[in-house]
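S.K.: So the chains spell out like this:
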Amino acid sequence: KAGVTQTPRYLIKTRGQQVTLSCSPISGHRSVSWYQQTPGQGLQFLFEYFSETQRNKGNFPGRFSGRQFSNSRSEMNVSTLELGDSALYLCASSLGPRPNPPYEQYFGPGTRLTVT
Amino acid sequence: DAKTTQPPSMDCAEGRAANLPCNHSTISGNEYVYWYRQIHSQGPQYIIHGLKNNETNEMASLIITEDRKSSTLILPHATLRDTAVYYCIVPSKEGNLIFGKGTKLSVKP
Numbered sequence: 017k018a019g020v021t022q023t024p025r026y027l028i029k030t031r032g033q034q035v036t037l038s039c040s041p042i043s044g045h046r047s048v049s050w051y052q053q054t055p056g057q058g059l060q061f062l063f064e065y066f067s068e069t070q071r072n073k074g075n076f077p078g079r080f081s082g083r084q085f086s087n088s089r090s091e092m093n094v095s096t097l098e099l100g101d102s103a104l105y106l107c108a109s110s111l112g113p114r115p116n117p118p119y120e121q122y123f124g125p126g127t128r129l130t131v132t
Numbered sequence: 067d068a069k070t071t072q073p074p075s076m077d078c079a080e081g082r083a084a085n086l087p088c089n090h091s092t093i094s095g096n097e098y099v100y101w102y103r104q105i106h107s108q109g110p111q112y113i114i115h116g117l118k119n120n121e122t123n124e125m126a127s128l129i130i131t132e133d134r135k136s137s138t139l140i141l142p143h144a145t146l147r148d149t150a151v152y153y154c155i156v157p158s159k160e161g162n163l164i165f166g167k168g169t170k171l172s173v174k175p
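Chains as they are written, first to last, in my numbering: chain G, 17 to 132; chain Y, 67 to 175.
Only chain G is shown next, with the shape it has when bound in the complex:
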């Protein structure tokens, strides 16, 4: 079974621009979560989607948004990019929504975003 895929793998943007990242979950998985990883803050939860609905959201500004499509694929968008948004953005998929019976999450390789 194919794993979680994320595109693009690397991206360079300038301050003020916006960016859209894409995630395709494992076939049959309906929950998609997004995380940001930086050297200073570590891995931080952004949001979770299930059945095209955002179920949980982390402590990030409104510039960070996402959506999920009917085929469970998900996108996240960051508007008005700041230097501090430079990070590895990780997507994870699981069978179902949380906090129901523990569904382990499977992570993609991430998108490395550099903001200059």
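Rather than coming from a laboratory, the hints here were simulated on the basis of the structure.
Don't take every hint at face value.
Stated by the list, open to error - Below, simulated DSSO-like cross-link-like pairs (lysine-lysine); rule was C-alpha separation at most 27 Å, straight line: (1) K69/Y x K118/Y; (2) K135/Y x K167/Y; (3) K159/Y x K135/Y; (4) K73/G x K69/Y; (5) K159/Y x K73/G; (6) K118/Y x K170/Y; (7) K118/Y x K167/Y; (8) K167/Y x K73/G; (9) K135/Y x K69/Y.
With chain G's structure known, arrange chain Y on it following the hints.
M.R.: Quick look at chain Y alone, frame taken from chain G:
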């Protein structure tokens, strides 16, 4: 904040068992413990999870103390490819993974 405490780093000789401890003294009765690892610049990899009983899969064993305040992840025969940061996680009440700093395991030849 993360609900777990782990040592920042550990070394292990190749071929020996790696025992990674984790304290989760505030865990409640229905909260699971998850372990993930992250090899440099890759996405985290799920290893194992458990509630009360010890668990074993093809990757590792998870030993949870009877009072559930701590657990140990055991890699029975560590290889160089097991060098990674290992995260012990008790999810939030919403079920979100809250990553701490983890334990950096270095497997040495």
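S.K.: Evaluate each hint against the coordinates.
M.R.: Checked hints:
Of the pairs offered as hints, the one joining K69/Y and K118/Y holds, with about 17 Å between alpha carbons and a cut-off of 27 Å not exceeded. With a CA separation close to 19 Å, the supplied pair K135/Y and K167/Y stays within the 27 Å bound. Taking the CA atoms of K159/Y and K135/Y, the gap is about 17 Å. The hint holds against a cut of 27 Å. Between K73/G and K69/Y the alpha-carbon distance is near 19 Å, which keeps this suggested pair within the 27 Å criterion.
A C-alpha spacing of about 13 Å is found between K159/Y and K73/G, which places the hinted pair at or below 27 Å, so the restraint holds. A C-alpha spacing of about 25 Å is found between K118/Y and K170/Y, which places the hinted pair at or below 27 Å, so the restraint holds. Between K118/Y and K167/Y the CA atoms are separated by roughly 24 Å; this keeps the pair inside 27 Å, and the hint holds. With a C-alpha separation of about 21 Å, the suggested pairing of K167/Y with K73/G holds against the 27 Å cut-off.
For the given pair, K135/Y sits about 11 Å from K69/Y by alpha-carbon distance, which is consistent with the 27 Å threshold.
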